[in-house]
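**Q** Chains as they are written, first to last, in this note's numbering: chain A, 5 to 303; chain B, 5 to 303.
Rather than coming from a laboratory, the hints here were simulated on the basis of the structure.
All residues carry an ideal CB built from backbone N, CA and C; glycine is no exception.
One or more hints might be untrue.
[Stated by the list, open to error] Quick list of the computed label-pair ranges, beta carbon to beta carbon: (1) B:285 / A:108: 34 to 40 Å; (2) A:105 / B:186: 17 to 23 Å; (3) B:226 / A:7: 26 to 32 Å; (4) A:279 / B:132: 52 to 58 Å; (5) A:29 / B:185: 44 to 50 Å.
[Said to hold, decoys possible] Calculated cross-link-like contacts (lysine-lysine; reagent style BS3-like; alpha-carbon spacing at most 27 Å): (6) B:52 / B:132; (7) B:52 / A:186; (8) A:78 / B:39; (9) A:186 / B:222; (10) B:158 / A:228; (11) B:10 / B:52; (12) A:53 / A:39; (13) B:186 / A:180; (14) A:186 / B:180; (15) A:132 / B:132; (16) A:186 / B:228; (17) B:52 / A:180.
[To be verified] Calculated from the model, a selection of chain B residues having no Cβ within reach of chain A, i.e. all distances over 10 Å: (18) 37; (19) 104; (20) 168; (21) 206; (22) 244; (23) 251.
There are 2 protein chains.
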Amino acid sequence: MTDFIKRVGTSSYEGKIALVCAHDDDALQAVSVAKKNKLADFVLVGIKKSIESIAKENNLDIEGIEIIDESDEKTSAEIAVKLVREKKCSALMKGLVQTALMMKAVLNKDNGLRTDRILSHVGFCMLKDGQEYFITDAAMNIEPNVEAKKCIIKNACDVANALGYEEPNVACLCAKEYYDEKMLATVHAKQLQELYLSGEITNCKVSGPLALDNAVSKEAAICKGITDPVAGNANILLCHDLDTANVLYKALIYMSESQTGSVIMGASCPIILTSRADSWDIKLNSIFLASKIASFRHL
Amino acid sequence: MTDFIKRVGTSSYEGKIALVCAHDDDALQAVSVAKKNKLADFVLVGIKKSIESIAKENNLDIEGIEIIDESDEKTSAEIAVKLVREKKCSALMKGLVQTALMMKAVLNKDNGLRTDRILSHVGFCMLKDGQEYFITDAAMNIEPNVEAKKCIIKNACDVANALGYEEPNVACLCAKEYYDEKMLATVHAKQLQELYLSGEITNCKVSGPLALDNAVSKEAAICKGITDPVAGNANILLCHDLDTANVLYKALIYMSESQTGSVIMGASCPIILTSRADSWDIKLNSIFLASKIASFRHL
Chain A
5 MTDFIKRVGT SSYEGKIALV CAHDDDALQA VSVAKKNKLA DFVLVGIKKS IESIAKENNL
65 DIEGIEIIDE SDEKTSAEIA VKLVREKKCS ALMKGLVQTA LMMKAVLNKD NGLRTDRILS
125 HVGFCMLKDG QEYFITDAAM NIEPNVEAKK CIIKNACDVA NALGYEEPNV ACLCAKEYYD
185 EKMLATVHAK QLQELYLSGE ITNCKVSGPL ALDNAVSKEA AICKGITDPV AGNANILLCH
245 DLDTANVLYK ALIYMSESQT GSVIMGASCP IILTSRADSW DIKLNSIFLA SKIASFRHL
Chain B
5 MTDFIKRVGT SSYEGKIALV CAHDDDALQA VSVAKKNKLA DFVLVGIKKS IESIAKENNL
65 DIEGIEIIDE SDEKTSAEIA VKLVREKKCS ALMKGLVQTA LMMKAVLNKD NGLRTDRILS
125 HVGFCMLKDG QEYFITDAAM NIEPNVEAKK CIIKNACDVA NALGYEEPNV ACLCAKEYYD
185 EKMLATVHAK QLQELYLSGE ITNCKVSGPL ALDNAVSKEA AICKGITDPV AGNANILLCH
245 DLDTANVLYK ALIYMSESQT GSVIMGASCP IILTSRADSW DIKLNSIFLA SKIASFRHL
């Protein structure tokens with residue numbers, strides 16, 4: 005059992021994850037391990053015959069997991085969303101379905117899982133030295149404005165709360181640690197800190213502009229004379245845009261020895277939307293992360 | 005001796021580094037170690053009395069290093085630049101001088117170190133697993149356009165050449181690995197690849213859009229069906245803007261176990277412009293990197 009699973013795994017939770025188009029090798033492999041370790045349970049929506057033959061070929065134990073036989077992609081997504089609406093499932097996971105198609109079912113105004121929030125991606129990274137960070141938004145919003153960033157912060161706070169951070173420290177990352185009107189990231193960061201100070205953003209501490217070194221290293225913050233309580237103590241790393249968050253999250257996955265998992269937040273349940281290129285570990289971690297969040301909400 | 009110094013250190017080179025406002029604890033400490041290991045030589049421009057007392061207090065051996073006594077910051081910078089123009093020094097280093105003031109002397113149209121290129125920052129990172137990457141531009145250009153990025157690539161190639169990469173692979177990093185007109189990074193990346201294919205960018209291979217995973221991991225590239233020769237084999241990671249490059253470079257410094265050093269390129273000599281918050285290691289590594297580049301040019 006990895007450190008990530010030890011940290012994130014929830015053995016007592018009985019909520020289920022609805023897997024959309026479950027006839028997917030990778031996803032089923034993660035499902036069988038999660039089930040085996042009693043760390044998550046599932047409802048598989050997809051082509052029953054294919055699901056069973058994949059399980060047989062790969063020697064995967066999916067005994068006892070409910071299967072809803074459905075061959076149409078769109079209908080599979082709709083069924084899974086309905087399971088969540090009816091509280092039969094508490095998280096959604098992408099199998100062999102086009103992302104856009106699944107998200108359309110999620111965002112459907114009448115029968116979807118919309119809330120008053122926008123959707124955003126939250127990556128949870130455990131560094132080799134034990135430090136933990138929530139990185140956002142590496143997958144959904146290209147160039148979020150301040151209003152969108154307020155939502156992105158809330159979504160990340162929900163994940164941090166589930167992992168025990170009652171009032172997480174949010175660093176609004178920029179290339180520099182001071183306001184520069186020529187750099188939009190610093191303009192947004194200043195506005196977000198002001199919104200926090202005026203009480204419009206709550207349940208967390210927000211600081212910015214901060215550069216990554218000042219956000220994660222107390223020494224670096226002290227060197228630059230930054231005394232802000234978030235500096236050197238950041239939990240949530242709010243990146244300026246998709247380019248920045250994507251590169252940061254992927255650097256931790258591919259260029260350090262971090263353990264990571266991620267979820268999409270902002271809908272009425274956490275959504276597991278891993279990429280084809282993601283390792284099997286990351287897929288499993290993301291399942292545990294979603295279960296943890298669903299379990300926390302259930303409490 | 006660290007892996008970085010083993011990789012980058014040049015013992016046979018006799019070029020000197022001009023240190024601007026050398027009355028600086030941190031800089032002098034790096035100077036004394038570099039000198040002791042015969043890995044670089046210096047000319048110290050600054051307040052002689054202060055330089056000598058700092059050396060004495062910190063037990064630093066600066067015996068035999070030339071000192072030019074000058075108390076004025078601006079004049080110190082001008083003297084150091086002149087030493088490079090007269091080929092008495094082959095690299096420039098920032099001591100206790102304001103960056104803007106030093107760069108003004110470098111960029112002076114009549115007596116500076118201008119070339120036909122813009123200045124840009126190149127970070128060299130050695131990951132724990134031995135992989136090496138050149139990251140650019142984490143410090144100089146806020147939102148470079150395609151023309152500027154052509155120069156930034158050339159500057160990074162000069163550093164890569166000095167470290168033995170004759171025709172480095174340049175990945176134009178984006179959040180996605182395909183063209184999307186809504187994402188400027190992918191528009192630039194496509195244009196840069198076209199300029200390379202038409203022969204306007206030479207002495208390297210350029211590919212983009214690539215996401216960081218496809219750039220550094222062959223497995224991830226294969227998963228996404230990318231067969232480009234740069235994919236999974238990138239040496240130079242060209243980031244879209246300052247926010248992105250800064251966060252990537254700092255993530256490798258502060259959130260992985262990489263060894264790093266950096267230089268400013270594009271002037272007639274490499275410039276060492278480390279930050280107050282940089283560790284002593286990084287300062288030393290940057291000195292070696294600049295020496296290596298100067299030595300390579302000298303060949």
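**Q** Holds or violated: is the Cβ of residue 244 of chain B farther than 10 Å from all Cβ atoms of chain A?
**A** At roughly 5 Å from the nearest Cβ of chain A, residue 244 of chain B sits no farther out than 10 Å, so the non-interface label is violated.
**Q** Is the straight-line distance between the alpha-carbon of residue 132 of chain A and that of residue 132 of chain B 27 Å or less?
**A** Measuring from Cα to Cα gives roughly 12 Å; hence the hint holds.
**Q** Tell me if the straight-line CA distance from residue 186 of chain A to residue 180 of chain B falls inside 27 Å.
**A** holds (26 Å)
**Q** Given the hint that residue 52 of chain B pairs with residue 180 of chain A, does the C-alpha gap stay at or below 27 Å?
**A** violated (33 Å)
**Q** Could you check the hint for me, namely that residue 29 of chain A and residue 185 of chain B are 44 to 50 Å apart, CB to CB?
**A** violated (34 Å)
**Q** Confirm or reject: residue 37 of chain B is not an interface residue toward chain A, with every Cβ-Cβ distance exceeding 10 Å.
**A** The claim holds: residue 37 of chain B sits with its nearest Cβ about 20 Å from chain A, beyond 10 Å.
**Q** That 17 to 23 Å hint for residue 105 of chain A and residue 186 of chain B (C-beta), does it hold up?
**A** holds (20 Å)
**Q** Since residue 168 of chain B was said not to touch the interface, does its Cβ keep a gap of more than 10 Å from each Cβ of chain A?
**A** holds (21 Å)
**Q** Are the Cα positions of residue 186 of chain A and residue 228 of chain B separated by 27 Å at most?
**A** violated (36 Å)
**Q** Please check whether residue 279 of chain A and residue 132 of chain B have a Cβ separation lying inside 52 to 58 Å.
**A** Violated, since residue 279 of chain A and residue 132 of chain B (Cβ atoms, about 24 Å apart) do not stay within the stated range.
**Q** Would you say residue 251 of chain B is clear of chain A, with no C-beta pair closer than or equal to 10 Å?
**A** Contrary to the label, residue 251 of chain B does not stay out of reach of chain A, its closest Cβ about 5 Å off (not over 10 Å).
**Q** Straight-line Cα separation of residue 186 of chain A and residue 222 of chain B no greater than 27 Å?
**A** Violated, at about 37 Å.
Checked against the numbered hints listed earlier, the structure breaks hints 1, 4, 5, 6, 7, 8, 9, 10, 11, 16, 17, 22 and 23; every other hint is satisfied.
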